[in-house]
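A.B. asks: Since the structure of chain A is already known, use the hints to place chain B on it.
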Amino acid sequence: MSTSTSAAVKREARLDTAVAEPTNVLIVGVGGQGVITVSKILAQLCLQNKLKVKQSEIHGMAKRGGAVFSHVRFGSEVYSPTIPLGQADILLALEWAEGLRWLSYLNPDSGTFISDTQMIIPPFSCRDRERGATSNYVHRTLDQVKQHVPNAFAVDATGMATELGNPRTANTVLLGMLSTALDFTVEDWQAIIAQSVPPKTLQVNQKAFVLGREWIQSDKHIAAREHVEEATPPAAPMVDNVVVDLEITEAWCKGCDICVKMCPERCLVLNSNEIVELTDPDACTGCRLCEWLCPDFAIAVHVQKIETTVAEHR
Amino acid sequence: MTNGSASLVRFQDAAASAEPEIRSFMGNEAIARGAWEAGVKVGTAYPGTPSTEILESLGTYPAEDVDAQWSTNEKVSLDVAIGASFGGVRAMCAMKHVGLNVASDSLMSQSYIGVNGGLVLIVCDDPGMHSSQNEQDSRVFGQFAMVPVLEPSDAQEAKDFTKLAFALSERFDTPVIVRSTTRLSHCRSPVVLGEREQFSTKGFKDIPSKHVALPSNARIRHPIVLEREQKLKEYMNASSLVRWEPGSKEFGIITLSTCYTYVREVIPQASILKLGASYPLAEDVVRRFCDSVERVLVAEELEPVIEKELRAMGIEIEGKKYFPRVGELSPEILREGLHTAGIINELPKTTDFNVETVARPPVLCAGCSHAGTYMALRTIDARVMGDIGCYTLGAIEPLKAMDACVSMGASIGMAVGMAKANATDKPIVATIGDSTFMHAGIPPLIDAVYNNANITVLLLDNHTVAMTGGQDHAGTGRTLRGEETHRIDFEQIIRAIGVKWIKTVDSYDVGSLFRTYREAIQYDGVAVVISDRPCALDPVKIKGTPFQVRSDGCTACQMCMNLACPAISWSNELFDGHHKVKIDQTTCIGCSMCAQVCPSDCIQLNEAGAT
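Protein chains in written order, with the working numbering: chain A, 1401 to 1714; chain B, 130 to 740.
Isolated chain A (complex conformation):
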């Protein structure tokens, strides 16, 4: 093993425990990003260097867009398969919000945070259909993180990988960054990558690795900071606050059911007389779909401005 380079993990002697503490790397992201691949590569590398290593993750929901995390711990002896709170030496995030989610696991004194600025906003956070709704995706920039984390790096790894021709090598770009913080030789890393990726993607993966490695060793990350601010999710759109009123002309409704079936909020029903009825006025967002689709002009949607700002209303 060579000596480590720039962002090397500074291991301070901790005298209060009897055993030598292992190195803790926490790798997080979203299902399908390659979190497990990255951690397998690291674990394999440790094994080849005759270190004890434990890699712990949870399978099952990962494919279904859920959050994925993998704890990798290595050293002369490793007990717990999971990293204790506040003891991760490196937190490698393949997605921005996932990185922030796990910050409490990072060692507050010496931890290194490396995150892709890519934001995967789950549809689940876009469930509010009201006018002017905002996604509840976290709004935090690297500067805010930097105030609390000693070594923080944010990088558009996905963008860099896309430029290389394969956006899915973003995890290899990040692996290159991670490699600068650990005591393994570049040759070892490259060899293990060669074993782990499909042969036809080997070249692009090797380039991606070098790109990530060079990025963290250069000063590029300082310039990239602004990019993070740009990448924050869209702010709340400024819209007028409104009240929605649905006017149903019962005499014209023939119970064809089109509006009921097509209402995105599913807040319309046919009542016992086969006439449309608004069952859940609070759910209605005034999208006007029923008005436009009704063959008999039986529904009119009235959207009225009210004199408060959105901020006051919320």
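Because the hints were derived from the structure by calculation, they are not lab data. Mixed in with the good hints, there may be bad ones.
So the derived list for chain A, only partly shown, Cβ under 8 Å to chain B, looks like this [what the hints assert, rightly or not]:
#	residue
1	A1443
2	K1454
3	G1466
4	P1481
5	R1529
6	V1538
7	H1548
8	V1549
9	V1586
10	L1678
11	P1681
12	I1706
Label-pair restraints from in silico Cβ distances [claimed, not checked]:
#	chain 1	residue 1	chain 2	residue 2	range
13	A	V1703	B	A524	29 to 35 Å
14	A	R1527	B	R644	24 to 30 Å
15	B	S680	A	K1705	39 to 45 Å
Note that beta-carbon positions come from the ideal geometry of N, C-alpha and C, so glycine has one too.
C.D. replies: Chain B only, in chain A's frame:
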């Protein structure tokens, strides 16, 4: 790295190398390795997280060594293993904790009967319910059935204990449970490989007084089981399964399984008694250990199994007073408990930057064939009895078309009960997946026909056990090793049961789904609709031409978002204050369901985006 799949590497014989080979194994792979090294001949399972990889891994060993098979359910799988044991070979069956409920009928009697070839059950608990409907503690089942329960703490032990379990099973004439948890099953750590033991068949032994579970035989067997318990206790007292790690005289911890690793992590200075088995207890050693230290705590996950035993022995100990009975244990939780108990002074320092990031719950995949089904189902406004599988996610917004879900195969029986209760005007529908139907859905369908229930059953056939990662089953026409076999025809089975109204629809044809479901609920009696489309991920990852939103046509109604497709989210554009939508081109597989429900016809194929 484009290859993210956790493919299992085909085993290559390591006998050639002089130094023992060390490999990084997942707990489940280590268990399979242990069984293989023990000379196991028959391995069976029904897939279930976190146990699934055990049989997948066993299936990578040579077919001439071991017969590895998916069974229709856990009981069948145990029965097959029991049969193999009777036949004189070593047999193993693996299951998740709730699978043992299904298999328990056979286990309880087999405990009396004993074994011929070694019989080992691998039961994987899921503390914290990462992917399960409950977090029952299977160790209680061990006590209940009076079969030994071994509890490894890492992958090396998982291999060693599994190997030992076969020997113990034969030596003490009992089935043996090896209990894993999610944290062990899915954690990788180094394992020293060994060689395969040559285990030749013992042949069938003709002992009807032992092998036939008749009352008269069982009366004789029960006292023998109690004697066996005593012998096992004596064995445990001298066994290397129990490890005493001397430390502080003031404070000792009795622990086992992965909890041991947390103890070593958090408080290595304590005296530690690591049990290798939770049942039967090494009582003498435990007593001596407790006498040797001033204060003893038991650190165990979930139920206070060891704690209660120790109390019953009259030993003063503490445990669940400080550690939770719910969820997974972790170094943090252990530390917190020890802090409350006044044993450690400091709690870990963490960064003071804690933010609500974003909720990221599991969702149905882009192009999931269940999405259209549940969207259609919600509009017919039925009472829906659900079942276990990916489609249980149909219970949450925005699909929100499932009223109850209990256990594997329960949906149809529950629907019969709902119909009989006659408490609702709504039509009563049961939804059940293909593999779940095979597992436990056929008897209740017979019940429904037999008892004239007025229900509609939707069989959601996606041609795989999707939830656990795409395993084969009797309805796919392939075995665990991927060989072709007879494909069970659902329609034939359903007709044979006596269902008169059956229709098959394409799960991607949303209009057909709406129409067919309406017809089905109007039928008086048992109607079955088979919604047919392969899973978008397994066995083949489907990727067609993606769809895209013609933004100037989008009226931001967000109707398409009712499908809960992860490829569809807000774009940055607004229409009348509402967010327009966009489709992520890499995630979209081109199923077309969103285009079908779009009222303004602005979702169209993106031929340029085809890959």
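A.B. asks: Each hint should be assessed against the structure and marked as holding or not.
C.D. replies: So, going through the hints one by one against the coordinates:
| no. | hint | in the structure |
| --- | --- | --- |
| 1 | A1443 | holds, 6 Å |
| 2 | K1454 | holds, 5 Å |
| 3 | G1466 | holds, 4 Å |
| 4 | P1481 | holds, 4 Å |
| 5 | R1529 | holds, 6 Å |
| 6 | V1538 | holds, 4 Å |
| 7 | H1548 | holds, 4 Å |
| 8 | V1549 | holds, 6 Å |
| 9 | V1586 | violated, 17 Å |
| 10 | L1678 | violated, 16 Å |
| 11 | P1681 | violated, 17 Å |
| 12 | I1706 | violated, 13 Å |
| 13 | A/V1703 to B/A524: 29 to 35 Å | holds, 33 Å |
| 14 | A/R1527 to B/R644: 24 to 30 Å | holds, 29 Å |
| 15 | B/S680 to A/K1705: 39 to 45 Å | violated, 25 Å |
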